[in-house]
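Take the sequences, apply the hints, and build the full model.
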Amino acid sequence: MITGVPIRRTALFLTLTLASICATTSEPAYIFIIIDDMGYSLDRGEQAIAIPAPLTYAILPHSTHARSLATMAFTAGKEVMVHLPMENTA
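Heads up, this note's numbering is the position in the sequence shown plus 4, with the first residue counted as 1.
Calculated from the structure, these hints are not laboratory results.
Please read these numbers as outputs of a predicted model, since none were measured by experiment.
Among these hints, one or two may not hold up.
Claimed, not checked - Label-pair restraints from in silico Cβ distances:
| # | residue 1 | residue 2 | range |
| --- | --- | --- | --- |
| 1 | M90 | S30 | 17 to 25 angstroms |
| 2 | T93 | A54 | 32 to 40 angstroms |
| 3 | N92 | P56 | 17 to 25 angstroms |
Stated by the list, open to error - Straight line, CA to CA, 20 angstroms or less: simulated SDA-like cross-link-like pairs of lysine to any residue:
| # | residue 1 | residue 2 |
| --- | --- | --- |
| 4 | K82 | S30 |
| 5 | K82 | S72 |
| 6 | K82 | A54 |
| 7 | K82 | E50 |
| 8 | K82 | I38 |
| 9 | K82 | D41 |
| 10 | K82 | E31 |
| 11 | K82 | I39 |
| 12 | K82 | P56 |
| 13 | K82 | Y34 |
| 14 | K82 | I37 |
| 15 | K82 | L59 |
| 16 | K82 | I35 |
| 17 | K82 | A52 |
| 18 | K82 | R48 |
| 19 | K82 | Y44 |
| 20 | K82 | Q51 |
| 21 | K82 | A57 |
| 22 | K82 | F36 |
| 23 | K82 | I55 |
| 24 | K82 | A70 |
| 25 | K82 | T93 |
| 26 | K82 | S45 |
| 27 | K82 | L64 |
| 28 | K82 | D40 |
| 29 | K82 | P65 |
| 30 | K82 | P58 |
| 31 | K82 | A62 |
| 32 | K82 | I53 |
| 33 | K82 | T60 |
| 34 | K82 | H69 |
Just so it is clear, CB atoms sit at the ideal spot from N, CA and C, and this is done for glycine as well.
Dropping the structure here:
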């Protein structure tokens with residue numbers, strides 16, 4: 005489940021949305037998948053990096069395993085980005 009929505013329903017919505025986009029334009033549609041909030045679980049991070057797909061990984065910079073997971077993902081040829089929270093701290 006993704007935020008309380010069954011995955012089948014989410015996949016159907018995504019499929020229908022992509023179909024409608026592709027039907028209205030001659031441009032190809034692209035999907036970018038970002039694995040978010042990485043850095044606090046080394047085991048889950050390693051599993052995510054092992055997924056054989058061109059994924060992007062957003063790593064929380066001050067998390068426990070940020071440096072090692074970023075290095076692993078980069079070494080595996082994956083795209084890595086900083087997940088910089090933008091909460092107001094004032």
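Hints versus structure:
1. M90 x S30: 17 to 25 angstroms: For S30 against M90, whose Cβ atoms are near 36 angstroms apart, the range 17 to 25 angstroms is violated.
2. T93 x A54: 32 to 40 angstroms: For T93 and A54 the Cβ distance comes to about 35 angstroms; the hint holds.
3. N92 x P56: 17 to 25 angstroms: 39 angstroms, violated
4. K82 x S30: 29 angstroms, violated
5. K82 x S72: 14 angstroms, holds
6. K82 x A54: 10 angstroms, holds
7. K82 x E50: Holds - the C-alpha atoms of E50 and K82 are around 12 angstroms apart, at most 20 angstroms.
8. K82 x I38: 11 angstroms, holds
9. K82 x D41: 16 angstroms, holds
10. K82 x E31: 26 angstroms, violated
11. K82 x I39: It holds: about 11 angstroms lies between the C-alpha atoms, which stays within 20 angstroms.
12. K82 x P56: 10 angstroms, holds
13. K82 x Y34: Holds. K82 to Y34 sits at ~17 angstroms (cutoff 20 angstroms).
14. K82 x I37: 12 angstroms, holds
15. K82 x L59: 6 angstroms, holds
16. K82 x I35: 16 angstroms, holds
17. K82 x A52: The hint holds at about 11 angstroms.
18. K82 x R48: Holds, at about 16 angstroms.
19. K82 x Y44: Within the cut-off at roughly 19 angstroms; holds.
20. K82 x Q51: Cα-Cα ~13 angstroms, so holds.
21. K82 x A57: Holds, at about 9 angstroms.
22. K82 x F36: Distance ~13 angstroms between K82 and F36 Cα, so the pair holds.
23. K82 x I55: 10 angstroms, holds
24. K82 x A70: 15 angstroms, holds
25. K82 x T93: 32 angstroms, violated
26. K82 x S45: Cα-Cα ~18 angstroms, so holds.
27. K82 x L64: Cα-Cα ~16 angstroms, so holds.
28. K82 x D40: Holds, at about 14 angstroms.
29. K82 x P65: 17 angstroms, holds
30. K82 x P58: This hinted pair holds, its Cα atoms lying about 7 angstroms apart.
31. K82 x A62: Within the cut-off at roughly 11 angstroms; holds.
32. K82 x I53: Roughly 8 angstroms between the alpha carbons, so the hint for K82 and I53 holds.
33. K82 x T60: Answer holds: K82 to T60 is near 6 angstroms, not above 20 angstroms.
34. K82 x H69: Answer holds: K82 to H69 is near 17 angstroms, not above 20 angstroms.
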